Amino acid sequence: MVYQSVPLFWRLKKPKYNLTGTKCIKCKNVYFPPRNLCPNCRRSGDIQEFQFSGSGKILSYTIIRTPPEGFEHYIPYAIAIIRLDEGTNITGQVVGDIERIGTGKRVRSVFRKMHENGSDGLIHYGLKFEMID
Amino acid sequence: MSVGIVGYGAYIPKFRISVDEISRVWKADPETIRNGLLVEEKSVPDKDEDTITISVEAGKNALLRAGINPQDVGAVYIGSESHPYTVKPSGTVVADALNLGPELMVADFEFACKAGTAAIQCCFALVKSGEIKYGLAIGADCAQSKPGDALEYTAAAGGAAYIIGKDPLAILEGTYSYTTDTSDFWRREGADYPSHGARFTGKPAYFKHVTASTNELLNKLSMKPSDFSHVVFHMPNGKFPLKAAKLLGISKEQLELGMVVTKIGNCYSGSSLLGLSRILDHAKPGERILLTSYGSGAGSDSFSFLVTDKILERVNLAKKTDFYIDRKENIDYGTYVRLRKKLKGG
Amino acid sequence: MRVAVVGIGCTKLGEHWMRSLRDLSTEAGALALKDAGIDGKDIQSLYIGNMSAGRFIGQEHLGALAVDQAGLNPIPATRCESACASGALALRKAYLSILSGEYDIVMAGGAEKMTDIKGSGAIATLMGAGDQEWESSVGLTFVGLYALMAKAYMDKYKLTREELSLVPVKNHKHGLSNPYAQFNYEITIDDVLKSPLIADPLRLLDCSPITDGAAAVILASEKVAKKFKNPVWILGSGQASDTLALHNRKSLTEIPATQIAARKAYEKAELKPDDIDIAEVHDCFSIAEILSYEDLGFSEKGRGKELLLSKDVMIGGKIPINTDGGLKMGHPVGATGIKQIVEVVKQLRGEALNQVKNAKVGLAHNIGGSGASCLVHILGRE
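Chains as they are written, first to last, in this note's numbering: chain A, 1 to 133; chain B, 1 to 346; chain C, 1 to 382.
These aren't lab readings, by the way, just hints derived from the structure by calculation. Be a bit skeptical, because a hint or two may be false.
Here are the computed distance ranges between Cβ atoms for each label pair [claimed, not checked]: (1) A/G87 with B/G202: 53 to 61 angstroms; (2) B/V87 with A/G104: 43 to 51 angstroms; (3) B/G36 with A/G87: 55 to 63 angstroms.
Straight-line alpha carbon distances no greater than 30 angstroms define the calculated DSS-like cross-link-like pairs of lysine-lysine that follow [stated by the list, open to error]: (4) B/K342 with C/K118; (5) C/K250 with C/K158; (6) A/K57 with C/K158; (7) B/K88 with A/K14; (8) B/K47 with A/K13; (9) B/K284 with B/K133; (10) A/K13 with C/K250; (11) B/K133 with A/K13; (12) A/K28 with B/K47; (13) A/K57 with C/K301; (14) A/K57 with C/K250; (15) A/K105 with B/K320; (16) B/K319 with B/K252; (17) C/K311 with C/K301; (18) B/K27 with B/K60; (19) B/K310 with B/K263; (20) B/K328 with A/K105; (21) A/K105 with C/K301; (22) A/K14 with B/K47; (23) A/K13 with B/K319; (24) A/K57 with B/K47; (25) B/K27 with B/K88; (26) B/K88 with A/K105; (27) B/K60 with A/K57; (28) B/K341 with C/K311; (29) B/K220 with B/K128.
In this text the structure is predicted, and so the values were computed from the model without any measurement. Just so you know, even glycine gets a beta-carbon here, dropped at the ideal spot from N, CA and C.
Bound conformation, chain A alone (with noise of 0.2 angstroms):
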């Protein structure tokens, strides 16, 4: 199942429910999920928060038809790795008609229950992803 941690998952709030990663001033790269080191600069970069619009194109996908414990009642569901319009690419779930998925099609995030630990843990949410007609 997904690793069970209620501080890991506050932890990662802004990310996970705004899509708020980091951006190096230095070099100019952005990073999704955020990164407290450039790992192109190193130590010697300047990280700072950067919001991301939540738009950008399907650069490959699959639909996984076997789940991992906790995600029986999702399948089938499509995931695709997505290049953000501001220059770097996440892995996110694709929802609507998995018939209609392809590479290059346009998505945008909307906000979807990720997770349920069970029925009596905590229900995880986040963002999904799509595709913009």
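Add chains B and C to chain A, keeping to what the hints say.
The following block gives chains B and C in isolation, referenced to the frame of chain A:
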């Protein structure tokens, strides 16, 4: 300075199940049901949607229309009867997802189908008294219904968000409520499905409170039905609002714009608020809107809104209600029970 | 100073309901000692590759477990982890420990017990090889990772679904009479195409199985190795890393960590891809084998399938690959890297089941995750 709606937004999930499809499974006559309820189909949330996700999407639309700094929102109240948690507020997740706060007042509201309008009343009072600059009130639900029960044809999902503040696109001229302890519909903690009083939900419940609340508003504001271009009541089905209108001397034409129930069913706390959002999408400056919600248990909240010219510059800033009504995909009953988790162990 | 492999051992790969991890690790070690003709007491240090015993069986501290069960206390024991490349990492650590001059005889093993938890739990655990916070958490599976690469590769290089199926068809054929293999049956392209979709476009028969198993090798320094009858020399060892998450890689259609690790190994061995007579590559999924042909330099970028179509990678071809059936015949993740060495050594000794004629130089290629780590070893008869 007048206080009212500064921004508003709707969200309705895209799946639909028709009255015809449900009656096929339960071997009922679809025409009788469609004509009896004046409902054709209802909205169904996807596996990963719930009251919180619907509230976030509606809230995003409201913020787009309001064009305000999210940090200026001082309160967030989500009204629903399907909050995902019994203990842990929907409002905190929605606030974080919309980048509001953390200097913020939050609490969840519950009053069956009128929890959203109760939230608007609270925001109105906080803004009018100068305690906060803007308040976000949302009515949203993913209603559950017992398989085979009459309510299964109409219990739907959807929500609308309202940002209350000064310099509005629709002035809130006044709001009044009528409330009594009337047990027409209820659900105990832990119960999967609600119970209801069948015919008792009519005269002693819905009609009594909707008419009393509306009349109270008309009296206190010295207004009459003909002062309003558009009227929206809570819509448990298409028949009840028509009957209430007749009792109050309101015409069918006044109800037309807000009558969303025919296409999307009863969105519970989202019902009258989605009717209102559709009216606002089409309203002209100077028009007056009457809204009376109804929540089982029981009570009604009535509002008089006066549309200003600000509506013209804001209405197109976000997706309209019809966008969500028209964007739909019909599903069969098997898919429906899977999505609504009515299958044991499913 | 050089290092040689002087003993090899491997358990049968499969679903071992009656055997725990400790049973498998002890068996593999004992087989290697028997093959080398030495006593356990001669082993000076042990390295054990294992990816995720903590999540599969709730057990950490595997170095301690392995030497305890083998009766080899108090020698130093180290668990090595690099996801599915843990086995090759254990080999490299053992190799470097001898090169450092600290030891003369060291055991490098790998073991994984994957069937004590149910399938969906194993799938979730294997995603520990990916990015837990940003890949696993959105419901991506390990098959899904390689499916994303397969889709991108098939689109870019016009690889057909039928051509991709040639990989598992070949590997089943190679593993047909392998007594250690998890499966002993042939399949056709049609069988692959009819098998259920796991993560589009990858189907069940594109995937290596969930396996229990262990393997071990004994390494010796040059001066000690000369005393053994059939030493096989480690000519080169390369290791490289790349971004953890697939979405951060420069390309979805190649694995740079393989290219870099291979280059380092070739440089050390002073050899080229053309010099390799037999290779055990990391076919965790069919697409991974095609990528490896290109990344290891056996074919040009985008043309890996030609080696399959020409049958060059089959027994009897120019560069036989996965002569024992590869990972398709069993992939006990932490053990795989060592299991690959066992087959390469057998080939170079002339003792392999599907013997490659006159095999002088062999290569073993082990990937961690979707390409975040990679180790390549080149071994030779002389």
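Hint by hint, here is what the structure shows:
1. For the hinted restraint 53 to 61 angstroms between A/G87 and B/G202, the CB-CB distance of approximately 60 angstroms keeps it satisfied.
2. For the pair B/V87 and A/G104, the beta carbons lie near 45 angstroms from each other, so the given range of 43 to 51 angstroms is met.
3. At roughly 57 angstroms, the beta carbons of B/G36 and A/G87 sit within the given window of 55 to 63 angstroms.
4. Note on B/K342 and C/K118: the hinted pairing holds, with a Cα-Cα distance of about 26 angstroms set against a maximum of 30 angstroms.
5. For the given pair, C/K250 sits about 20 angstroms from C/K158 by alpha-carbon distance, which is consistent with the 30 angstroms threshold.
6. Taken as a hint, the A/K57 and C/K158 pair is honoured in the structure, with Cα atoms around 21 angstroms apart against an allowance of 30 angstroms.
7. A distance of roughly 19 angstroms separates the Cα atoms of B/K88 and A/K14; the hinted pair therefore holds under the 30 angstroms criterion.
8. Distance hint between B/K47 and A/K13 is fulfilled; the C-alpha atoms sit about 21 angstroms from each other, no more than 30 angstroms.
9. Proposed proximity of B/K284 and B/K133 is supported: the alpha carbons are some 26 angstroms apart, at most 30 angstroms.
10. Pair hint A/K13 plus C/K250 holds up; C-alpha atoms about 27 angstroms apart against a cutoff of 30 angstroms.
11. Our distance criterion of 30 angstroms between C-alpha atoms is met by B/K133 and A/K13, whose separation comes to about 26 angstroms.
12. Between the alpha carbons of A/K28 and B/K47 the distance comes to roughly 39 angstroms, so the proposed pair goes past 30 angstroms and is violated.
13. Note on A/K57 and C/K301: the hinted pairing holds, with a Cα-Cα distance of about 25 angstroms set against a maximum of 30 angstroms.
14. A C-alpha spacing of about 16 angstroms is found between A/K57 and C/K250, which places the hinted pair at or below 30 angstroms, so the restraint holds.
15. As the CA atoms of A/K105 and B/K320 are separated by approximately 24 angstroms, the hinted pair is consistent with the 30 angstroms bound.
16. Using a Cα cut-off of 30 angstroms, the hinted pair B/K319 and B/K252 holds, with the two alpha carbons roughly 27 angstroms apart.
17. For the hint linking C/K311 to C/K301, the alpha-carbon distance of about 18 angstroms falls within 30 angstroms, and the restraint holds.
18. A hinted pair counts as satisfied when its Cα atoms are at most 30 angstroms apart, and B/K27 with B/K60 does not qualify at roughly 41 angstroms.
19. With a CA separation close to 29 angstroms, the supplied pair B/K310 and B/K263 stays within the 30 angstroms bound.
20. Between B/K328 and A/K105 the alpha-carbon distance is near 20 angstroms, which keeps this suggested pair within the 30 angstroms criterion.
21. Straight-line distance between C-alpha atoms of A/K105 and C/K301 comes to about 26 angstroms, which keeps the hinted pair within the 30 angstroms bound.
22. For the suggested pair A/K14 and B/K47, the alpha carbons sit about 23 angstroms apart, so the restraint of at most 30 angstroms is met.
23. Between A/K13 and B/K319 the alpha-carbon distance is near 26 angstroms, which keeps this suggested pair within the 30 angstroms criterion.
24. Between A/K57 and B/K47, the direct Cα distance comes to roughly 24 angstroms. Compliance with the 30 angstroms bound is thereby established for this hinted pair.
25. Taking the CA atoms of B/K27 and B/K88, the gap is near 40 angstroms; set against the 30 angstroms cutoff, the hint is violated.
26. The hinted pair formed by B/K88 and A/K105 fails the criterion: a straight-line CA distance of about 37 angstroms is larger than 30 angstroms.
27. A threshold of 30 angstroms between alpha carbons decides the hint, and for B/K60 with A/K57 the separation of about 22 angstroms falls inside it, so the pair holds.
28. Taking the CA atoms of B/K341 and C/K311, the gap is near 52 angstroms; set against the 30 angstroms cutoff, the hint is violated.
29. A distance of roughly 18 angstroms separates the Cα atoms of B/K220 and B/K128; the hinted pair therefore holds under the 30 angstroms criterion.
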